[in-house]
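A.B. asks: Note that my numbering has the sequence shown beginning at 445, numbered continuously upward.
Among the hints, erroneous ones may be present.
In silico EDC-like cross-links for lysine to aspartate or glutamate, where the CA-CA straight-line distance does not exceed 20 Å [said to hold, decoys possible]:
no., residue 1, residue 2
1, Lys764, Asp470
2, Lys543, Glu517
3, Lys655, Glu686
4, Lys605, Glu783
5, Lys764, Asp803
6, Lys502, Glu541
7, Lys655, Asp742
8, Lys801, Asp563
9, Lys746, Glu783
10, Lys676, Glu686
11, Lys677, Glu517
12, Lys490, Asp803
13, Lys530, Glu541
14, Lys490, Glu802
15, Lys677, Glu783
16, Lys490, Glu517
17, Lys764, Asp752
18, Lys655, Glu517
19, Lys543, Asp803
20, Lys502, Asp470
21, Lys655, Asp592
22, Lys502, Asp742
Note that these hints are calculated values from the structure, not bench results.
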Amino acid sequence: MPPVEPGGWCSSRGIREGGGMHLSHDVVVVGSGVAGLSVARRLSDKGLSVLVIERTGKIGGTAWSLGCKATFECLGCGICRIVEQKRELESRGFPGELKTNTGIAMVRRQGKDFLLETDTGDIQTRFLVVATGIEPYPAHNAANFGCDIYPEVFSGYDLEKTLNEEGLDRYESFERVAFIQCVGSRSVKEKRGYCSQVCCRYALRLCENLKYRFPHMIIDMYYMDLQMLGEKKDTLARIARERVNLFRHMPFRVEREETEDGFFSLALRFEDPQRVTRSSYDAVVLSVGMIASGGTLDMARKLQLTQDRDGFIKNLGEGKTSTPGIFVTGGAWGPTDVEGSLRDAVTTAETVLAGLKEDGP
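Using the sequences and the accompanying hints, generate a full structural model.
C.D. replies: Written out as structure tokens, the structure is:
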């Protein structure tokens with residue numbers, strides 16, 4: 445790659461005009477998930493030149509792999525907003541420009557602007573928006589619960605994805621199912637003391653889906669406490685009260701054992717101060733928490749942004765980060781759901797617009 449000249453830059457898109465500098469893009473959005481696409485749409489609608497960089501080969505992030513969890517009523521999962529986003533992309537086209545399968549190797553300051561060295565060439569921009577999102581805690585890391593060991597143990601995220609695939613029919617034979625909350629979060633051992641905010645709500649929506657399809661199913665939920673803030677919280681509280689059996693008691697292990705009739709069941713082990721108890725189920729669902737994505741950790745390091753102790757990028761207010769000109773939105777600064785990501789994207793976009801006005805030409 446040719447060296448960057450003092451006061452200049454090299455790029456297939458950037459050129460010098462009349463002794464000045466022609467910017468490649470007003471804003472580069474890193475990440476094409478729900479929040480990143482929403483920010484790009486709002487900024488491009490304002491006439492700005494926006495580039496979205498996605499390091500994978502597909503857009504949409506974690507949320508686009510999920511399915512609607514409505515039964516006879518809406519449960520407020522926000523997936524309908526994703527459907528709207530997909531339809532908007534089909535009808536209006538992509539907001540700005542898109543580069544997929546593009547990684548950022550290095551970012552340097554170039555006067556007021558940023559120079560991004562990527563796999564496909566250099567890009568200069570006035571502002572950067574980090575929208576690299578969150579990802580579900582890998583349930584196989586919780587080896588004591590048997591995910592990826594026992595075929596009847598699933599993560600809540602895997603169960604959610606089936607709503608977009610073959611549906612829930614594969615669970616019809618299960619008569620007793622246990623949900624274990626807070627897997628991978630609120631854990632001293634994992635050094636993640638935070639609440640992921642979303643796993644209680646998605647677990648209750650999944651419970652309602654299972655009960656709606658299979659009324660015979662008995663569902664027990666083991667939890668620390670239930671977080672049911674936000675839209676449809678009264679509906680979710682009713683589901684918790686009427687559709688599942690709640691146990692404020694956390695198991696420490698799942699084991700597979702043979703029953704008297706030659707079949708297998710899953711045994712949950714509980715450790716009490718005075719005794720160890722157990723209970724048997726046909727299947728176990730692990731409600732995994734949300735963690736900072738690999739992309740979020742990578743960009744925080746390359747941009748030298750201040751992070752919290754859990755790896756998320758610190759939001760200093762309205763999407764501002766520790767580096768002027770770089771903003772953060774959506775799950776990149778903390779666990780959130782679809783609706784939260786969309787709301788946050790609006791705030792971040794307005795902050796970027798205000799910054800451009802203050803910055804001037």
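A.B. asks: Mind listing which of the numbered hints don't hold for this structure, in increasing order?
C.D. replies: 2, 7, 8, 9, 16, 19, 20 and 21
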